[in-house]
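Let the sequences and hints guide you as you build the complete structure.
Taken in order, these protein sequences are the chains called A and B.
Going by the numbering used here, the residue at position 73 of the first sequence is 73; the numbering climbs one at a time, nothing skipped.
Going by the numbering used here, the residue at position 212 of the second sequence is 540; the numbering climbs one at a time, nothing skipped.
Please keep in mind that the hints were generated in silico from the structure rather than gathered at the bench.
Some hints here could point you the wrong way.
The calculated lysine to aspartate or glutamate pairs, modelled on EDC-like cross-linking and capped at a C-alpha distance of 16 Å, are [stated by the list, open to error]:
hint: 1; chain 1: A; residue 1: Lys260; chain 2: A; residue 2: Asp282
hint: 2; chain 1: B; residue 1: Lys330; chain 2: A; residue 2: Glu90
hint: 3; chain 1: A; residue 1: Lys132; chain 2: A; residue 2: Glu102
hint: 4; chain 1: B; residue 1: Lys330; chain 2: A; residue 2: Glu112
hint: 5; chain 1: B; residue 1: Lys330; chain 2: A; residue 2: Glu159
hint: 6; chain 1: B; residue 1: Lys386; chain 2: B; residue 2: Glu544
hint: 7; chain 1: A; residue 1: Lys8; chain 2: A; residue 2: Asp28
hint: 8; chain 1: A; residue 1: Lys144; chain 2: A; residue 2: Glu90
hint: 9; chain 1: A; residue 1: Lys117; chain 2: A; residue 2: Glu159
Label pairs and their calculated CB-CB ranges [to be verified]:
hint: 10; chain 1: B; residue 1: His580; chain 2: A; residue 2: Glu238; range: 36 to 44 Å
hint: 11; chain 1: B; residue 1: Thr494; chain 2: A; residue 2: Gly140; range: 12 to 20 Å
hint: 12; chain 1: B; residue 1: Tyr536; chain 2: A; residue 2: Lys117; range: 48 to 56 Å
hint: 13; chain 1: B; residue 1: Arg341; chain 2: A; residue 2: Asp130; range: 37 to 45 Å
Glycine included, every Cβ here is placed at the ideal spot set by N, Cα and C.
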Amino acid sequence: MTLSDQNKPAIEVSHLVKTFAGVTAVNDVSFTVEKGEIIGFLGPNGAGKSTTMRMLTGFMPATSGSISICGYPLATQSEEIKRRIGYMPENNPLPEDMRISEYLYYRGRLKEVPRSKLGSRIDEVLEVCDLKRVRHRIIGQLSKGYRQRVGIAEAILAEPPVIIMDEPTIGLDPHQIIIVRDLIASLRGRMTVIISSHILPEIEMTCDRVLIINQGRVVAQGTPAALRKEILGHVRYEMIVSGNFTLLSQVIATVDTGIKCKVQEDVDSEGFKSVILTTDKDNEMGEVLLKALINAHYRVRSLNRQRPTLEDVFLAATRRSWDVIDTK
Amino acid sequence: MKHFFTILSHEIRMLLVNPATYVAAVIFLSLMGFVFTDILETFSRAAQDMSPADIFFKQFYLPVLFIVPLLTMKCLAEERRLGTMETLLTTPVTTTEVVLGKYGAAYSLYLSLWAATGGFFWILKAFAGDSRLLDSGPMIGGYLFVAISGLLFIAIGVLASAVCRTQAVAGILCFAMLFALIFGGSYLGAATWLRGDVMHPVKSAIDYAQVLQHYEDFTRGVVDFRQLLFYFSSTVLALLFSILAVEAKLLHN
Chain A
1 MTLSDQNKPA
11 IEVSHLVKTF
21 AGVTAVNDVS
31 FTVEKGEIIG
41 FLGPNGAGKS
51 TTMRMLTGFM
61 PATSGSISIC
71 GYPLATQSEE
81 IKRRIGYMPE
91 NNPLPEDMRI
101 SEYLYYRGRL
111 KEVPRSKLGS
121 RIDEVLEVCD
131 LKRVRHRIIG
141 QLSKGYRQRV
151 GIAEAILAEP
161 PVIIMDEPTI
171 GLDPHQIIIV
181 RDLIASLRGR
191 MTVIISSHIL
201 PEIEMTCDRV
211 LIINQGRVVA
221 QGTPAALRKE
231 ILGHVRYEMI
241 VSGNFTLLSQ
251 VIATVDTGIK
261 CKVQEDVDSE
271 GFKSVILTTD
281 KDNEMGEVLL
291 KALINAHYRV
301 RSLNRQRPTL
311 EDVFLAATRR
321 SWDVIDTK
Chain B
329 MKHFFTILSH
339 EIRMLLVNPA
349 TYVAAVIFLS
359 LMGFVFTDIL
369 ETFSRAAQDM
379 SPADIFFKQF
389 YLPVLFIVPL
399 LTMKCLAEER
409 RLGTMETLLT
419 TPVTTTEVVL
429 GKYGAAYSLY
439 LSLWAATGGF
449 FWILKAFAGD
459 SRLLDSGPMI
469 GGYLFVAISG
479 LLFIAIGVLA
489 SAVCRTQAVA
499 GILCFAMLFA
509 LIFGGSYLGA
519 ATWLRGDVMH
529 PVKSAIDYAQ
539 VLQHYEDFTR
549 GVVDFRQLLF
559 YFSSTVLALL
569 FSILAVEAKL
579 LHN
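The following block contains the structure:
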């Protein structure tokens, strides 16, 4: 490893633009990925995720902007970059008429894995991807789940420092998704991983950071928790209580003056109503709320803090994509 | 060129495990066998003033027009259609290595198919035992011509595959280009409108590229350096265009 390998962030993208015959697919995208991070790429269809990934691999040239991977600029040293990435394209194209082990051997040779290490490395990735039993099967006859895992095995085969996977979990059953998720999580710290996905809980569980992209622009980036706060901006509590509803807001104001209280009108036979509380503060206030309500002789049936899913964040972020927060 | 041999051996291996290769080989050998039997029947009826090898290799365009598109149409068009071009070119492999590797594999298969026709002459020698039928001059000239012209024919097939997305279109394009190359020369060479003084440079260029004439020279034992140069330079040109076509498709897809 050279000096530039060690000190630079794994991926640096600045002001990346790609236009296809007048259509701007990627418009001024900038982001940085540190070594060992797992980044999730989110965006609606046609947002420019795949295009960005293709440009990162050097397969497709950018219209303008710069990319550097492990400190190597893509424009001048794409050969060095190609040695440092493992890429699994969208739809995971594989040759139909090869056996899995043959395919991995061929790919390993192309990726310059030394012949002496290749055999044991293939065994290793077959083991990791749970493909040992089917290693002699022909790829064209495999089911989608197996093919997907062959693609992942191929991407990690040469132990590249950067792995780029375009929708690795598409078409997998829940059991296989968990396997793939664990697999990606096991790479944390050793390899830098960029994955794109439509399955938002997937991204949330595996990724350190999320990058939401819409219409070719980065509309939000950060950890899932930070994004929730940034995009949705408030915390919601939902509770079901019964008691004096006219005094309720005063009781709640004793806990924190910033809490807004909204009583739903639907009342059940025992006089319970559901109440929505919203606050800008992020700290957990369930316990104090409960204490205050019980001291004021309210009957509380439930109180829970609503956890907005990444889905809510995603929808909110892509909806307000006109005001771009292209933070670096 | 580090990966050239990796790709070459992979491609040859893929050709050898592909049933289509054997189908093509069987069709090729039965067609050529039929031609050869026909020639021998003509010889058995009356003496001819040419050797069987001469007449046999004169039919070289028959297999060329059908086998070359079959062998080459798949090589780049299929990779592009399946999307495996993307995985291939994101490894430290250059486009040049990919194109040359595939070209090399198709060419070696083409050569081995022709080499198999050597069996016809061996059978003739073993069973006829008539030395007059086995004139080694036209035979060596014929095989040499097949090997050298094959360089260009296969390169044209690779070029057709490089510019097309579907195999079928690549095959037809290759057929059309080979047809124009082999027969276009003699057609234009005979055209009267090219006889004028103004068209003289065009005419001499066409005369220089007469594939059928080259064949005649080779079997008569004339290996002209200009003809070799014609095949080698046009092969290089076709391969260069193939490499550029693959790269251009990446820029504009």
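**Request:** Verify the proposed pairing of lysine 8 of chain A with aspartate 28 of chain A, using a straight-line Cα cut of 16 Å.
**Result:** violated (22 Å)
**Message:** Would the hint linking lysine 330 of chain B and glutamate 90 of chain A be met if the CA-CA limit is 16 Å?
**Reply:** violated (28 Å)
**Request:** Starting from the hint 48 to 56 Å, judge whether the C-beta atoms of tyrosine 536 of chain B and lysine 117 of chain A obey it.
**Result:** Holds, since tyrosine 536 of chain B and lysine 117 of chain A (Cβ atoms, about 53 Å apart) stay within the stated range.
**Prompt:** Does the alpha-carbon distance linking lysine 260 of chain A and aspartate 282 of chain A stay inside the 16 Å limit?
**Reply:** holds (14 Å)
**Request:** Determine whether the Cβ-Cβ distance between histidine 580 of chain B and glutamate 238 of chain A falls within the hinted range of 36 to 44 Å.
**Result:** Violated, at about 54 Å.
**Item:** Restraint status (C-alpha distance of lysine 386 of chain B to glutamate 544 of chain B at most 16 Å)
**Value:** holds (8 Å)
**Asked** Would the pair lysine 330 of chain B and glutamate 159 of chain A pass a check requiring their Cα atoms to be no farther apart than 16 Å?
**Response** Since the Cα atoms of lysine 330 of chain B and glutamate 159 of chain A sit roughly 20 Å apart, the hinted pair is violated (cutoff 16 Å).
**Prompt:** Is lysine 144 of chain A close enough to glutamate 90 of chain A, meaning Cα to Cα at most 16 Å?
**Reply:** holds (13 Å)
**Asked** Do the alpha carbons of lysine 330 of chain B and glutamate 112 of chain A lie within 16 Å of each other, as the hint requires?
**Response** holds (9 Å)
**Prompt:** CB of arginine 341 of chain B to CB of aspartate 130 of chain A, is that within 37 to 45 Å?
**Reply:** Given a distance of about 27 Å, which is not inside 37 to 45 Å, the answer is violated.
**Prompt:** Taking the beta carbons of threonine 494 of chain B and glycine 140 of chain A, is their distance inside 12 to 20 Å?
**Reply:** Roughly 19 Å apart at Cβ, these two residues keep to the hinted range, so it holds.
**Asked** Within a Cα-Cα threshold of 16 Å, do lysine 132 of chain A and glutamate 102 of chain A meet the stated pairing?
**Response** Satisfied, since the Cα-Cα distance of roughly 13 Å is no more than 16 Å.
In this structure, the hints that do not hold are numbers 2, 5, 7, 10, 13, in rising order.
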